[in-house]
Amino acid sequence: MDGLLLQVAPPSPTFFSLSPEWGWYIVVYFFLGGIAGGAAFLSGLLDLLGERLDRRMTRIGYLIALAAIIVGGPLLIIDLTRPERFWHMFWRSDVGGPMFKVYSPLSIGVWIIVGFVLFVGLAALASLADVGRFPRWFARFGEGVPGKIVAIGCILTGSALAGYTGLVLTGTNRPLWGDTIWITLLFLLSGISAGGAAMILFGWRRGHPGTVHWLEEMEGYSSALELIVLAIIAATIWSVVRVVWGGVWGAILLFGVIVFGILAPIYLHWRPGAFGRATVPLAAVLVLLGSFLLRTMVILSSEAV
Amino acid sequence: MAIPMQATPVATPTGAAQPIEPAAGSALTPPGAFDAVPMGFFTDTTVCIGCKACEVACKNWNGLPADVVALSGNSYDNTLHLNGENWRHVQFIEQFSDDRADGRWLMMSDVCKHCVHAGCLEVCPTGAIIRTEYDTVVIQADVCNGCRDCIAACPFGVIEINPVSKTAMKCTLCYDRLQSGLQPACSAACPTASIRFGTIQELQEAATARVEQLNAQARDAGRPEDAYLYGADDSLLGGLNSFYLLVDRPEVYHLPATAKLPSQDLPAASALGVGGAIGLAALGAVSFRKRRMDSFAEAARDGRGEEGGRGEDRGEEAMGEER
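So the protein sequences, as listed, match chains A and B.
Following the numbering used here, the numbering of the first sequence begins with 60 at its first residue and continues without gaps.
Following the numbering used here, the numbering of the second sequence begins with 617 at its first residue and continues without gaps.
Note that these hints are calculated values from the structure, not bench results.
Careful, some of the hints might be misleading.
[What the hints assert, rightly or not] Below are the DSS-like pairs computed for lysine-lysine, each with C-alpha atoms no more than 25 Å apart in a straight line:
| no. | chain 1 | residue 1 | chain 2 | residue 2 |
| --- | --- | --- | --- | --- |
| 1 | A | Lys160 | B | Lys876 |
| 2 | B | Lys906 | A | Lys207 |
| 3 | B | Lys782 | A | Lys160 |
| 4 | B | Lys782 | B | Lys906 |
Just so we're clear, the structure is a prediction, and the values are computed from it rather than from any experiment.
With the rest of the complex left out, here is chain B (with noise of 0.2 Å):
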């Protein structure tokens, strides 16, 4: 059993704190809830160190299981990717010359980005998948009946099913601690606040506030400003409640650049189909026709246009002697 970690404050580049008070409880939330405005986590790469604390916090709160412990031979990552068993996945990309002589280490702790458009939540066929008070999506297990949909539908390859309650699982954003006034299990264990849980609102301000920071130091120092935010505004689906500061193109760290909801292509595909539908049936209604005015033009040639008719009563009526 996890010792519950108390809520913490939200530490800024500028080192003003920002306190997160877990609030008196609305109609929304319950009593020493945080109050019911979204929430998420801004995580800042750069001063990530691949401790994976946060991968074991998060096993730990979660009660999920152990890996089976086996050297993948990729850098010092052994989880690979997120998914239902590994709600954190930190992220080791080597960038070195081939000698070696020069380089560097990109460290990346890896969450569900609780979308505010989400994909799976579009697509799930039960209801399972939720939005919360919080803004955050999180999967009821009591509902999942493992149909994999949400898997396919996520673009950041977050989902999968648990082998254990063989439902589909992902990061809750801690939504029981949240419903307890608590920052989740990840960030509360974070040594050096690469992870940042509180309101959207601060931790934007936060974030801009840090790639400034790093940008003017990049500046003083003659190096190109390439700190960014990924997927704080709202320009990728509507924007991700779990945002990052980089300082590579999004593919370096298995991030897609652009991402598409699952349901933004389905009016033209529909379209298609209806369309294709109905030129097919057009397509059998003239061969229908086609069909009958050759029969007509037929029996008209042979001159025995009544007999035709009378023939092809008669040959109903052999069908239906067979029947």
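Only chain A is shown next, with the shape it has when bound in the complex (with noise of 0.2 Å):
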């Protein structure tokens, strides 16, 4: 930033920051970090409170999650300028031990990434040995108290791992980031709802009708609440939102996220036969396309401050 604009006093003192040039690959990780623990959430809540006949929505959910967490964790390695080192967010490299700051947002993150992946992997694991596709030995982890305490702790994890990302930028003295107290919140909805939709995609076909008619209420009711929480962050810091969010993140924000990943898809989930069978797999890739869009803008659009 030129810094003789800053004599005159910024919206802010989050502007005398400087950017941590967090870039694509953390972008990528917030969206899949969203889908994969909105995912799971949504997975876990069906396992526990739901019937048999939900079950094959789950065991998709489930391994949607995996996957997610898989790829996207690596991103977060590889983002990183000495990647090599990244076991010291583990373990303690001067008196050994594990390493945990429960002030560090990041350190938190790590941990909910071990346990999600721990909880996640034994439900996906014993979700495919429940249908013969891996030892059958796994299935315990998804039957009678321990599935129950894997179905909570994939509840726990997910919705750790969807709202955490927002917490890490609300931990710095970014403009936008540090200047809100809900970004958290907002990455959490819309983590479930893209990972509702990221099941509706891949399981429309195969899961119960009950089932992915429940997906899509639970998927319009965090769009919806999305919509809310944005309005507030926009109310709430005005005189910041107007500087970072302006020109092309504005317009970003008010079609690719508003428009078309929020409203577009309350809308088709509301008249579901608007483009006959494509419609629940188009609400779904509205969806997705609208989070991955938020994240783009509330990442880069602070950055390019």
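Dock the two chains into a complex; use the hints.
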């Protein structure tokens, strides 16, 4: 930023900080992490509260969650400027022992990912074992008390994974990110709607219609709440938003995120026959697009300041 | 190789020298090191002449690479901001009327503030950033993995990645020199004592006296009493161990008037997230219940409650076969 401009007081003290230059690796990880967390959260709920007929979609959800974190997780390591030292986030290199700082969102996130992989991995393997595609022994993690513990673990770590990425941004002094407390909830809601959309996209033909309808409802609730949270952010830090989200970022927010990513899918749920059989997957694709653009916009707009 | 510069006295406005003597060593410090008490910088911007000796001394002692020489067009400032290669940065602020008949230069040697409550130290997920026995904040280059969260957490824009080590770097307040009883290279090189090094207590006393002196001069000359200290008390991040005497608003010197710790908003943000997750889980449970009730109601309406139940079982069996 041109230093001379700062002789005029900026809209927030956060404008004096420097950009960490978190780019596309982080954008894609946040997107995949949201899908993974949302899919695990919804699959855990289906597992815990649903019926046998919901199981097929539950399995699809767990597999999506596992695949998303397997693809997304390494992006965090690649993004480090010294990736060979990624293990310093797990283990104290000076005195030994696990590395954990309760007031460091990144440190919290590392352990959330560990817990997430553990629970979702068990749930996914159990669901595969349930249909004979993995050694039957693993099916015990999807049944009875162990199954309930794993499902609850997926709900807790899934929601944590979807939300902590917002906490990472709040725990900074960057414009927009450090100016509002609402990004964690925004990313959680967006992650759940994206996770639901991914489950619908991959499972709408094979899942029970009742399960698909439930997912559409959950996705709709999340999207509607997401819209409200966006409005709250704009209203509470307008002086920052008008600078950070001016120009092209505002256009992406308005059309990419709100119109195509939130309002259009809600309309398609309301009018399920609007595009014939393509309506359900189309709505899911739009939600995923909106979720990706939301993260792109939130991360890169602040980086551009 | 730089020539080690011996500890020199802190000159106060009243002329009374405050000697800084290396201690004999203690449990916390090696022999010849300064006593383990809070130490830092007091930068009196009114006597900075923009010579950049501090920038050069810093680069020299710390072995930092030279910048690519380019003219920024921003006054005499080609460093532009602190980063992983420039741990000192002399700002040149030109305040002139349009016809340039009236005006003044403001110059300030900027550096890491070594905050008492340091945001960078808070967020670092590897433990690479530590607080030393001198209450200063140091990044251990052999531990940092370059996640760059500290860059975003610092409210002053001090830290960046050093392109050679590929780790986050900033001023160490010459931790290595302090451990040998030497004052930091920048303050040793400063020809006008604009950068003063010492214990925080000594520096605060010297700074307070200097503000009184300047404001008394201004009062006598009929000018505004505009000298004040930035970061000397605990109102800004618990206090800055590198604090400044300024004569204009902080923003003019590219300093934030207020700053928050990154952890400040985490409890509220987490509570919103947890509340959102609980709320959505509750909505999901209600939605399940509604689905079940609708199913029962439909079965009862059709007068085939038992058949409906069996039908669901059949559906389940069918799905099982599909698997």
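Quick rundown of the hints versus the structure:
no.: 1; hint: Lys160(A) <-> Lys876(B); result: holds (19 Å)
no.: 2; hint: Lys906(B) <-> Lys207(A); result: holds (22 Å)
no.: 3; hint: Lys782(B) <-> Lys160(A); result: holds (23 Å)
no.: 4; hint: Lys782(B) <-> Lys906(B); result: violated (56 Å)
The structure is inconsistent with hint 4 alone, although it conforms to all the rest.
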